[in-house]
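Peer 1: Sequence:
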Amino acid sequence: MKGVKKAAKLGIRWKLITYFALFVAVILVLLWLFQTVFLDSFYKAIKTRNAQACGDSIVSKINSPNLGDYINELARQNDVCVRVVNGEMRDLYSADISPDCLIHHYGTFQLFLIYNYTKENGGMRFETVPQTQYQSFYSSDFGGGQEIGLYPFSGGDLQMGQLTTGESAMESLIYSRIVKTEAGQEVLVLLNSTITPINPTVQTIQVQLALITIVALLLSLVLAVVLSQKISKPIIKTNNAAKELAQGNYEVSFEGGDYREIRELNSTLSYAASELSKVEALRKELIANISHDLRTPLTMIGGYSEMMRDIPGENTPENAQIILDETTRLTNLVNDMLNLSRLQSGTQTLTLTEFSLTQEIREILARYNSLTKRDGYHIVFDYKEDVTVEADQVRMSQVIYNLVNNAVNYAGQDKEILVRQRLKPGFVRVEVIDHGEGIEPEKLELIWDRYYKVDKTHRRAVVGTGLGLSIVKSVLEMHSAKYGVESAVGEGSTFWFELPLPEYLAQIDESQQQ
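In terms of UniProt numbering, the sequence shown is residues 1 to 514.
Be careful, since some hints might not be right.
[Stated by the list, open to error] The calculated lysine to aspartate or glutamate pairs, modelled on EDC-like cross-linking and capped at a C-alpha distance of 16 Å, are:
no.	residue 1	residue 2
1	Lys-230	Asp-258
2	Lys-243	Glu-255
3	Lys-233	Asp-258
4	Lys-44	Asp-79
5	Lys-119	Glu-186
If you are wondering where the hints come from, they were derived from the structure by calculation, not from laboratory data.
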């Protein structure tokens, strides 16, 4: 709709800056989450996994004679307290590396409680309890005033003392496991790992992360700007050059960049500019040639018409024939241009039929000989057998006409033209040979272009319109036929094409050769 403006889109430079900033922001958010919010959870999970690994290691060596030494070394390396007691809750092995270990303050009654809870839990149990200010208490119900332990229990579970107020209270991770020795004795393995409060650590990390965030954002912004300029500069330069190319400046330069993709793009655009320059030159040349070919018959028609009108006695059959011939030439030129346009646009379809290619060539050459014999041209058809092909008969007659036209236009002094037909295994080859000036090797691929001139001097064709070889190329490519030209300077040229034989004829030909 008119008057509606499209929203301006961000350029590659700002997109790079935006993406880079978003990437850094996501990384910083993850750092904040893992280093502050989830730090306590990760810390406890690691402590738990380490305690279980130590407990499993002790259980695996429960029957080892060196278990005591192993427990001491394990406790020292992993900063855990270990206690192994028998069924009577008497110590078998003990490693007390810290005065804060709760398991070394447990009395017999508490050990029995832990044993029962562990057994009810399937033989293994984890418990996290608050570290306390140790207070002794006595119970008249157990042992007649004897000290039962340092920590009371309630509600069917252990309550290890009183929780210290404030955020600095530590916790203890208690691991308990019941195992049997080779002697059949049950033992209780206890591990105590202290969980240190991380609130001060988190506060320190928060301050550090705040500084890191500010520095990272500033550095990322600077780096994003530098990188975006470095990346976008060659792209912007290439884009500006491409805009000049679109406006018709084919001399524009696409310089290589620092990146392989940019260099390849510039190389491709440089090649495109070169090809467009050639196309533009060919277009101008084509317009000039067509203008010349249109102007010449029109000039002759106009000149002879005025002469016949103004000069008595010039209204003769000969002059009328010249006007008729030029009209026919002009009509043929327009028809050839339309045919070539249809062929190259792909809108023309083929009507495939089986016909005698040999008979078609004979009839065409017979008509040619009657037209060109008065000018001294002699066209010979050399063939050994009658060949049938499956192709578009009308289009193939165009191919033969145009190849013979070309040979007539460039025939040598002898004006001899040879059309040769040869049957090969699976296909038939037709050659049109002249003894003219020949074509230089580097120009052989160019002669199929419209109005291409080897000597770059446009001249009016003896017969035809100058579009013949382009029509030949288009028709043969529609048939998927092979074609080409062989030429040597001063020796003439041989234009050829090959058509496949129908399948049943190809099989007969192969059987005859065998």
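Peer 1: State for each hint whether it applies.
Peer 2: Hints, one by one, checked against the model:
| no. | hint | verdict |
| --- | --- | --- |
| 1 | Lys-230 to Asp-258 | 9 Å, holds |
| 2 | Lys-243 to Glu-255 | 15 Å, holds |
| 3 | Lys-233 to Asp-258 | 10 Å, holds |
| 4 | Lys-44 to Asp-79 | 14 Å, holds |
| 5 | Lys-119 to Glu-186 | 11 Å, holds |
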